[in-house]
Amino acid sequence: MRLLVTLAMLAAAVGSAVAEPHQSFGPVGDPWQATVREDVCQYGFQDDLPGQGWTLGLGQQLGIHCVGPMTITRVGFYVEFLVTPGAVDIVIRDGGVEVQRTAVNPVEGQNEFDIPDIAVADPCIMLCPQGDFWSVTGEDTTNGPFGHTYWSNSCECTNEFTDNNLTIWAVYDGAVPAEPVSWSRLRALYR
7 MRLLVTLAML AAAVGSAVAE PHQSFGPVGD PWQATVREDV CQYGFQDDLP
57 GQGWTLGLGQ QLGIHCVGPM TITRVGFYVE FLVTPGAVDI VIRDGGVEVQ
107 RTAVNPVEGQ NEFDIPDIAV ADPCIMLCPQ GDFWSVTGED TTNGPFGHTY
157 WSNSCECTNE FTDNNLTIWA VYDGAVPAEP VSWSRLRALY R
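The sequence shown begins at 7 in this note's numbering and counts up by one.
Hints are computed from structural coordinates only; laboratory data are not their basis. All C-beta atoms, glycine included, are put in the ideal place defined by N, C-alpha and C. Where hints are given, some of them may not hold.
[As the list claims (entries may be wrong)] Cβ-Cβ distance ranges computed for the label pairs, FRET-style:
(1) Pro33 to Gly101: 33 to 41 Å
(2) Pro56 to Val103: 21 to 29 Å
(3) Gly57 to Gly137: 23 to 31 Å
(4) Pro37 to Gly102: 29 to 37 Å
(5) Thr147 to Asp120: 24 to 32 Å
(6) Gly65 to Gly153: 21 to 29 Å
(7) Phe152 to Arg43: 16 to 24 Å
(8) Glu26 to Gly150: 16 to 24 Å
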């Protein structure tokens, strides 16, 4: 029954203005809270609104923008609840140019995935669902600053959340290029 109510509410949201991010509602899970870690780009540290959240799927992608330069080694995110399991592409962009894509299969709860190490100067990390994947991430309305997490319909850091942070993070090893050079500029040097 809850799934039908969620689907009905989502259908109403999808039919409304595309300029607003989609939310989903579902079962209230265990409270989640992260600790602050060194060498992690993270803005959302707890799920402040259990039982609801920003939709990851149904044509909507979620992500974060980090201050570079950095070498990203892992990407993680908290899935509050999972409606339709499947695969998600972790897409890394550097200055707007896609430089890496890694497919993963998230589960409900905390997820953290190894990705091929990638040095980036201006990183945008997006979670881009494949097929029917549908879940909800946690949202942190307590811990600012806000404006570093995004929703999109084009798998890019385009629409910022200004009043909350998503529970998405990037782990980096601190090693960076000697000079801040974007991936696209670096590739152009070797062409």
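Just tell me: holds or violated, for the beta carbon distance of Pro33 and Gly101 against 33 to 41 Å? About 39 Å separates the Cβ atoms of Pro33 and Gly101, which means 33 to 41 Å holds.
Starting from the hint 21 to 29 Å, judge whether the C-beta atoms of Gly65 and Gly153 obey it. holds (23 Å)
Is the hinted range of 24 to 32 Å satisfied by the C-beta distance from Thr147 to Asp120? holds (30 Å)
With 29 to 37 Å as the target window, see if Pro37 and Gly102 comply at their CB atoms. holds (36 Å)
Against the range 23 to 31 Å, how does the distance between the Cβ atoms of Gly57 and Gly137 compare: consistent or not? Given about 25 Å between the Cβ atoms, the range holds.
So the hint says 21 to 29 Å: do the beta-carbon atoms of Pro56 and Val103 match that? Since Pro56 and Val103 have Cβ atoms about 37 Å apart, the given range 21 to 29 Å is violated.
Holds or violated: the 16 to 24 Å window for the beta-carbon distance between Phe152 and Arg43? Between Phe152 and Arg43, where Cβ atoms are some 20 Å apart, the hint holds.
Hint says 16 to 24 Å; check whether the CB-CB distance for Glu26 and Gly150 agrees. holds (22 Å)
Of the numbered hints listed earlier, the single one contradicted by the structure is hint 2.
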